Every structure is written in C-alpha cells, then in structure tokens.
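2 protein chains.
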Amino acid sequence: MNPAEPLRDETGPAQSAPAPVFILVAPQLGENIGACARVMGNFAIPELRLVAPRDGWPNPAAQTMAAGSPVLDAARVFDTFEGATADCQVLFATTARPRGMVKPVLTGREAMVRARTHIDSGERVGGLCGAEKSGLPNEAVTRANAILTLPVDPAFASLNLAMACGVVAHEWRAGESAPAPFEMLEDRASAAEMEGLYGHLQDELDRAGFFYPPEKTPLMMQNLINIFARGGLSQQEVRTLRGVIKALTIGRGKARVVRDD
Amino acid sequence: MNPAEPLRDETGPAQSAPAPVFILVAPQLGENIGACARVMGNFAIPELRLVAPRDGWPNPAAQTMAAGSPVLDAARVFDTFEGATADCQVLFATTARPRGMVKPVLTGREAMVRARTHIDSGERVGGLCGAEKSGLPNEAVTRANAILTLPVDPAFASLNLAMACGVVAHEWRAGESAPAPFEMLEDRASAAEMEGLYGHLQDELDRAGFFYPPEKTPLMMQNLINIFARGGLSQQEVRTLRGVIKALTIGRGKARVVRDD
Chain U
1 MNPAEPLRDE TGPAQSAPAP VFILVAPQLG ENIGACARVM GNFAIPELRL
51 VAPRDGWPNP AAQTMAAGSP VLDAARVFDT FEGATADCQV LFATTARPRG
101 MVKPVLTGRE AMVRARTHID SGERVGGLCG AEKSGLPNEA VTRANAILTL
151 PVDPAFASLN LAMACGVVAH EWRAGESAPA PFEMLEDRAS AAEMEGLYGH
201 LQDELDRAGF FYPPEKTPLM MQNLINIFAR GGLSQQEVRT LRGVIKALTI
251 GRGKARVVRD D
Chain F
1 MNPAEPLRDE TGPAQSAPAP VFILVAPQLG ENIGACARVM GNFAIPELRL
51 VAPRDGWPNP AAQTMAAGSP VLDAARVFDT FEGATADCQV LFATTARPRG
101 MVKPVLTGRE AMVRARTHID SGERVGGLCG AEKSGLPNEA VTRANAILTL
151 PVDPAFASLN LAMACGVVAH EWRAGESAPA PFEMLEDRAS AAEMEGLYGH
201 LQDELDRAGF FYPPEKTPLM MQNLINIFAR GGLSQQEVRT LRGVIKALTI
251 GRGKARVVRD D
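Residue numbers (this note's numbering), protein chains in the order written: chain U, 1 to 261; chain F, 1 to 261.
Do not take every clue at face value.
Each pair may be met inside one copy or between any two copies, as identical chains are not told apart.
Here are the simulated DSBU-like cross-link-like pairs (lysine-lysine), alpha carbons at most 30 Å apart as the crow flies [what the hints assert, rightly or not]: (1) K133 to K246; (2) K216 to K246; (3) K216 to K133.
Please keep in mind that the hints were generated in silico from the structure rather than gathered at the bench. Keep in mind it's a predicted model, so treat the numbers as computed, not measured.
Same shape as in the complex, but just chain U (with noise of 0.2 Å):
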C-alpha cells in the first residue's frame, strides 16, 4: 500500500498503516495541527488523528500552516479518545510530565524502535499528543502502554505541540535503516594518482627551496600527504590540485621564473 493515499473509507476498518498513527487528543491551535500535518507529511507518516479539536474541523488555520502536505486533507477527526484509538494495539503517551503513576518511559528514540517491532509483526501503533497547555488527561495516559518522554530542560520544558511531533515524527523515519555510510567520493583518484600528485608537489617545493633542512623533507612531505590523503580525493580533484601547483610555480605564461643562483 502507497502510504502515502489518503484514507477514503471514514467509517470502516482504516487499512494498516506502516508507520504510527499519530493522534493529537484535544489539540487547540489549528496552526499547531497543520505543522504537525506538515512534518508528518516531510517524514512520510501518513495518519493523523484528531480528537474533539477545539476549534472544529477543517480549520483554515490548519490547512496554511499544513503547506500543502497530503496529510492533513487525510487526517480523521474522532468525537472521542475510545473512537480514535479503537483499533490501535499499542499506545505510546507523549509527555514530559511524571504522572505519579507505575509506567515504562521510553525516550523519542526508544519508542519508535519498539513501534518499529510491533508495526513489523502487523500491530497498530498510536502515538499520543495532548492539547498544548494541559497535555494529555491522565485517562489516556493510563491507557498508553509507555510514556514517551522527550529530553527537555525541566527549566524551560513547554514543547510545542507540533514541535514534539515532528521530533517523534524524526524519529521513526531515522530509525528506519543503519546510518548512511560515508558519502562515497565519485571517481576516487587511485594511489598512483595520489603518489603523482605528492611528487609533483614535492618536486616545486624542493625547487622552491621548501624544505630547509633538506634533513626535514620526509616529515614535511608526510604532514603534507597526509592533508591530502585522510579526506581522499577524486581523479576530477587531483587533476585541479595538480594544476593550482603549475599555475602557482609557471603562472600560466604570465610571468617567468628567473633563477637566482
């Protein structure tokens, strides 16, 4: 399934989806929900539910800050928490605040690796984001299956709710693969390339009366390649240094070098 369609059957079974579904319980701000629709949409999770918004559905302040995101005109408005999470297997309970109660706290990371196993094996997973100035009633919190809790500073705490979305949001795309190799250099310039490059440079250099004492040459040359080669460079890059040490030394027939013996 394209995870990126938009649901059309409102009132059957929604299909399964490959990422969670996020579900903002009694959001407030329409702004916030269509960021949140927004960074959904930029990290391909396709679902959004909407729990009794304040404001009513649609929401004009909603569809501008959305920009434009296939997720908001997808997303499903619920009367209620027990509608919206109805077919969800697992719940995750975004909030920064202990709740006096015996729960597993996962972080952002944590959890979406946990979602990632349970979507794997068919589960539908829901994660959780309360309204912006009370957070999430404790009725649901109580039915999440572990708190999610975000690495805030307890002096200045107050996520934005679209903003703690999008971190969650982050996190499940970021977990998705090992992290990406080293970016590969296109046309990685050989060894003998390389060894050309150094020697053409030690040549001018030691014309140019670099090295001094002669006795210092190798160490010298050896920081040197040593710049070169840690990052590596392509043949295309090779063949500019080469030439960035011609056009210094001869000056493209601009200027002669006359010795002074």
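Here the structure of chain U is known, so what remains is to put chain F in place on it, guided by the hints.
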C-alpha cells in the same frame, strides 16, 4: 557554566559553548526564528546566531513565538556569514539538497554525535540552517565540514526551518550518552583561519591567471575550498599550506618572478 546564561559580552570572545551554536543564515520569518529559539531552549542549547535576518532585529513576531525562551534575548546578530562563523572550528550545513560537490553526508544523529566529540575537546561547532525558501547559499555549504541531511520524503521535502532546528536540537540532547566515534584533529583551525588560507590561495591563483575565463572563479574556488573544508585542517596545517603557496609562488628567494606583460 550554566548553559542557559545569556552571553553578555558582545564584543569580546564568546565563552566556550557546551552545545553546538545554531546559525540561521538569512532567515526570513520572525515566527520561525522565535520557534527556533523556543525549541533550542527546550533542549538546552543556549547560543543562537542570526546572519542578516531579512526583517531586521529585534523582531516582535520572533518574540511571540519564542514563548519566553532565554535563547531569544541572548541571540546574536551578524552582518556576514564570515563574522558569524569565525570562531567555529567545525561547521555542519543542514540541507536536503545535494550540491554537486563532494562532501560527507551525515544523519542528524551522526552529526550530533560527532559534534559532541568536537565540543568535548574544546572546539566550537556551528550548525548552519538556511533561509526558508532558498536554503543555504553555496558559499556556506562549501565551507562546512559535512552536510547534515534529514530523512525527509523526497515527495514532500519542504521542512519548516524551526522544525529542522528542533529535530537537530533533539538529536543533540538525545545523543548525550552515545560513544565518541573518531580521531580528533589537534588545534583545529577556526573558520577565520581557513578564510585566510582560501583568500591567500585565490589571490595567488588570480595573479597567476589560473581562473580562465574569469566567470569560472566562484565555481573553481568553491571546489578548491571544498577539498580543504571537508577534512578540516589544524592550525599548523593552515600555516604549512600557506607556506606552500608562498614557496611555490615566490620560491623562498631562490627564484625571482619576472612578469611578461
């Protein structure tokens, strides 16, 4: 030092930053700047720098969206990219766009893990974020050690500026217990020292007639700068390379350059 203390001394050297410095390059909307300041406060990242904000500074829209974050009042404004980055040894460019240049590409997670290693060794790390519409200019991306790219859906990649900052801010905080990954450069050159090298090289190449036709200068310099920026250089290596440039052009008195006019 309390990371939440505002910087008081605008003219003297900045105090060491125990977190990355977030640098917004030509940000457009005050709302985004404020939202960025807010989420930085949430994740205890104290230092925000603004380069030539489109609507000037201060900005009432920023004040509102910052929701009381201490980061906003402490934000520093710079006229130029060079000024804002001069004291940073390491720069990450946040962009989703490939730039047609060879540069390491890191996830947000990887970048912040590396940032922590740099910061623990006393280096200052700048995280660059570009204008809402155009992103970061090429000159900024070239000067970065690596590109930080977020795993957005290519079909809907337009991530809000503050949201991008928030995701990276959270990655910083979330990675607090991750292990340090890689070999550190000793006494890494600051961005200002790197600029000195680039300028020296460009001047000498220009004098040598290397840039032909002249319109190709920016692109050719961009590629040369990238070679040195991506691996990074120590202060000693910058000195050595400047000595190399000088030796190749002047020949340590062993040769006189005679111009053919």
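Comparing the hints with the structure gives:
1. K133 to K246: The answer is neither: 41 Å in one copy and 41 Å across copies each exceed 30 Å.
2. K216 to K246: Both: 23 Å inside a copy, 18 Å across copies.
3. K216 to K133: The answer is within: 26 Å in one copy meets 30 Å, while 52 Å across copies does not.
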